[in-house]
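A.B. asks: Sequence:
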Amino acid sequence: MDRYLELLEKRGLSLLIYGGEEVIFSSASMGMKPLLEAIEALGVESLRGTIVVDKVVGRAAALLIVYMDVAEVHAGVVSKTAAEVLLSHGLKYYFGREVESIKSQDGVIACPFERLVQGISDPEEAYKRIRAKMSEF
Numbered sequence: 372m373d374r375y376l377e378l379l380e381k382r383g384l385s386l387l388i389y390g391g392e393e394v395i396f397s398s399a400s401m402g403m404k405p406l407l408e409a410i411e412a413l414g415v416e417s418l419r420g421t422i423v424v425d426k427v428v429g430r431a432a433a434l435l436i437v438y439m440d441v442a443e444v445h446a447g448v449v450s451k452t453a454a455e456v457l458l459s460h461g462l463k464y465y466f467g468r469e470v471e472s473i474k475s476q477d478g479v480i481a482c483p484f485e486r487l488v489q490g491i492s493d494p495e496e497a498y499k500r501i502r503a504k505m506s507e508f
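FYI, in our numbering the residues of the sequence shown are 372 to 508.
It is possible that some hints are incorrect.
Unchecked claim - List of simulated lysine to aspartate or glutamate pairs, DMTMM-like, C-alpha gap at most 25 Å: (1) 404 / 507; (2) 463 / 440; (3) 463 / 373.
Don't read these hints as lab results, they were simulated from the structure.
Using the sequences and the hints, build the whole thing.
C.D. replies: Right, dumping it as structure tokens:
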């Protein structure tokens, strides 16, 4: 396991964002909430070139990460469709485990955000849809 993922696990967090060697954002919240909070709190411009360390990266998270224009991604778990998104945008990424798809917390159905971005390739469009869906909760 790489040092970023070790620190994420050790601190009991779901998301860490590094600007250089300094942590500029962290969260223990689950799902898409931490990435959206980071975008809203820091702005996309401040996130450009950062390192994102996320517990679980599915296609929806990958599209948000691409929207943030980060330098690299470290994921505890990455879905195959997320890996495709990251690769297609030339992002360096590291992961602990790759899975076919991201499921809801019950482990049975596909995550609603994964379904929401199915067929979407534009990161900005994905961001707008995910943000709108989150506001429903």
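A.B. asks: Indicate, hint by hint, whether the structure satisfies it.
C.D. replies: Status of each hint after checking the structure:
no.: 1; hint: 404 / 507; in the structure: holds, 12 Å
no.: 2; hint: 463 / 440; in the structure: holds, 12 Å
no.: 3; hint: 463 / 373; in the structure: holds, 14 Å
Every hint, counting from the list given before, is met by this structure.
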